[in-house]
Amino acid sequence: MRGALLLPPLLAAACGPAAEPAPPPPESLPADWLGPRVEAALAATAADALPEEPAFDRRELIDLLEAANAGGRLAARAERRLAEAPVPALVADLLSVVEDRLSSPAERILAYDRLDRIDLPAMIPRLVLRLKYEKDWFANTFLAAALLRQGNGAGLEALRTILADEEADERARAAAAAVLRGLPGADPDGDFAADWEHLLRLHRSWQLERRLGPDGPEAPDDRGLRAEVWRMIARLRSQPLRPVDDARFVLSRMRCGAVVPALLEAARDESLYVREGALQTLSWIGYPVGHWAERSGADLLSFFRTALRDRRARLRVLEALGATGSAQAAELALPWLLAGTRDERTAAADALLRCAGPGLGERLPRPEPGPAWSPEARWSLALLRAELDPTAPPPTPPPGLASGEQERRRRWAAARARRPGAG
Amino acid sequence: MTARLLALLVLLAGLAVIARVLVPTRPAPPVELASSRQCLDCHPGVAAEWQASHHALAYENPEVVKLSQNYRNEECLACHAPRPVLAFAPGERVLARAGDRSLGVDCLACHAHPEGGVATSDPNPPEDAPCRPRTVARMASVEHCASCHNQHGTVDQWRNAPAEIDGRPIRGDGCLHCHMPVAWRAGGRAGRNHAFPAAHSLPSLQQAVVLRGEWTDRPRVEMRNVGAGHNFPTDERSRAADLQVRWRRAGAWGAWEHRHRFRDPYRDETDLTNTQLPAGETWRSELEPPAAAEAAEVRLLFRTNPFQPDDEAAEVARIRLEPSPSD
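Sequences listed follow chains A and B, in order. Residues 1 to 423, numbered by the numbering used here, are exactly what the first sequence covers, in order. Residues 1 to 327, numbered by the numbering used here, are exactly what the second sequence covers, in order.
No wet-lab data here; the hints were simulated from the structure. All the pointers check out, no bait thrown in.
Restricting the straight-line Cα-Cα distance to at most 20 Å, the calculated cross-link-like pairs of lysine to aspartate or glutamate (DMTMM-like) are:
| hint | chain 1 | residue 1 | chain 2 | residue 2 |
| --- | --- | --- | --- | --- |
| 1 | A | Lys135 | A | Glu167 |
| 2 | B | Lys66 | A | Glu407 |
| 3 | A | Lys135 | A | Asp113 |
| 4 | A | Lys132 | A | Glu107 |
| 5 | A | Lys135 | A | Glu166 |
| 6 | A | Lys135 | A | Asp169 |
| 7 | A | Lys135 | B | Glu269 |
| 8 | A | Lys135 | A | Asp245 |
| 9 | A | Lys132 | A | Asp113 |
| 10 | A | Lys132 | A | Glu99 |
| 11 | A | Lys135 | A | Asp165 |
| 12 | A | Lys135 | B | Asp268 |
| 13 | A | Lys132 | B | Glu236 |
| 14 | A | Lys135 | B | Asp271 |
| 15 | A | Lys132 | B | Glu75 |
| 16 | A | Lys135 | A | Asp100 |
| 17 | B | Lys66 | B | Asp235 |
| 18 | A | Lys132 | A | Asp100 |
| 19 | A | Lys135 | A | Glu157 |
| 20 | A | Lys132 | B | Asp271 |
| 21 | A | Lys132 | B | Glu74 |
| 22 | A | Lys135 | A | Glu107 |
| 23 | A | Lys132 | A | Asp116 |
| 24 | A | Lys132 | B | Asp268 |
| 25 | B | Lys66 | B | Glu312 |
| 26 | B | Lys66 | B | Glu236 |
| 27 | A | Lys135 | A | Glu99 |
| 28 | A | Lys132 | A | Asp245 |
| 29 | A | Lys132 | A | Glu157 |
| 30 | A | Lys132 | B | Glu269 |
| 31 | B | Lys66 | A | Asp245 |
| 32 | A | Lys135 | A | Asp116 |
| 33 | B | Lys66 | B | Asp268 |
What the simulated footprint calls covered on chain B by chain A, stretch by stretch (three residues with Cβ under 8 Å from a Cβ of chain A suffice, anywhere in the stretch; the number is not a length):
| hint | stretch |
| --- | --- |
| 34 | 32-46 |
| 35 | 93-99 |
Away from chain A, derived, C-beta distances all over 10 Å, residues of chain B:
| hint | residue |
| --- | --- |
| 36 | Gln51 |
| 37 | Glu143 |
| 38 | Gly187 |
| 39 | Ser201 |
| 40 | Ser285 |
Think of the CB as a built atom: it goes at the ideal place given N, C-alpha and C, for glycine as much as any other residue.
Build the full structure now, drawing on both the sequences and the hints.
As structure tokens, this is what we get:
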């Protein structure tokens, strides 16, 4: 009898070290969780997207834009001709001009300037993408102005850079200063210094909440904008990375209300690449998603709870969960820290560094030496412990950790004060 | 009593011998592979090759670190610290892993089998190895490399390359032909070189192209891609190959002058076009000699990034041209 009692531990010893606690139950995803979300959304929004058929011949359009700036009867006739075109078709044509690598800076500026006079939110995604490729500083000021008119502050960084660089092209600096004068909420009696301070405030607000000021308007509920956002999300399916890079660039620089609901939907697409791309974009936006969820009442927690059952996308789910910064979400990450695979533990440790509240300190494991914990996970836990216990000695990076990964986690630790609910 | 004891001992010894013969040896217990660091002890030879390779350096390469702003540009992570390629469909792109990024393109990135253990192209892998190798044909296929290396079109360039040039096979049977040549392991076993000779190997570069010239009525120069099997240089943005020329006048050599750049520009360099040299193709140019030029030298510099200074670039070839006596 005694021998029988001894047998299981002996067997266990023969099989190697004692097993780790089992990971959370291997639940399968609800049957309707994954599906052709992108296909469905593209079909549902196709009629609202910007048209692909041009309204004008390209040369004619440039001539009209030039004539419209010339003044007199010629300008009036050109304005009439431009006004006759359907607005979405005109916007699509103007975007084609700024996207064409053969367009001259002067032609692009004409097109940006015209876009700045049109209210059509559907232009925002493709206009934001121009921030990545527009290299002419003077043109960048027109681009930033056109985006600001649509309530998008992604161009504020360009304005700030141009104005801060005293060696920049004087024409571009003057144009940027003029845009500053027209910033939403700018003091009409203020001088340049006041405008500059206002720019910095708006920029901070954009970084933190993707809004132009703490009371800045949320994204409009616009069918055309929704259609263009889904067209951008569809690029995440691409095997070549360039369209994916473009989509992530754009989607992470828009107001949350315009993109986060669509990204949460896309994070349930049947394509792993779409799910990964959508979740990664949520991570890149980061805390503004959490702030937006607090304002809008969106239930991110329920989303993450189910999405964590998606084995193939789990690392990205953990990343997005941490990046959006909700302390409640930390509870969802903790089981994967205690009993996930090595990569899951890493992703969970990283997530906790970004979102865990002060109550979690005692429940954090102390990693044993050995292959179960990556250097990244060890470093994240060490930084988190130091954050939660100011009396703890400053942590030292574990061996084998790349400098970029050290720095990335230091940045996350330093940003914790800005997480939603941090006060 | 002693005789009985002796008989018993002989019987036990016999049983032990029979058991040793009949009962198969237990293979070493399988190892759960969590990190490529676990591979290094059992495979020191391969590990040494890999550690000197640009796969090992993929994450910490200073040029990549600089271009990616120390990986603030997270786009680069997928191929510079990938999850195991076999977890994705053949040829489809990989995604970034969460940990051990400093190991770059490590053992598990190429060898981890999605169902546990490791994959190998060896048709007869040792059954008792702790990493439980199993044969996976895809390991030796172009698709295995394409997940990363086709991001900038290299594999498509190879697919479109002629099978042979001047009667010499150029495409081989895939990437391994040039980049993982056969290496002999301990015990006479054939393996593959894990140093992955490529753009950082001068002999590889010198096998890729031939630079020729002549000076009859005018100096002429041509460069032919005879051995790359894909464009020269391949890859977007980073690689550049420059032809430079210098002239000798009154017995003294002048400074090197830029003549032509072979390169695929980055996506936002909208004013440039792709000037890579496809496999089997020849680039030709006439040179304009300055007055009283006695001779010319032409050299090909390979830069791992377009801003690399001349003295850090690899000189792949250099030829001297002098006017032929008839002129």
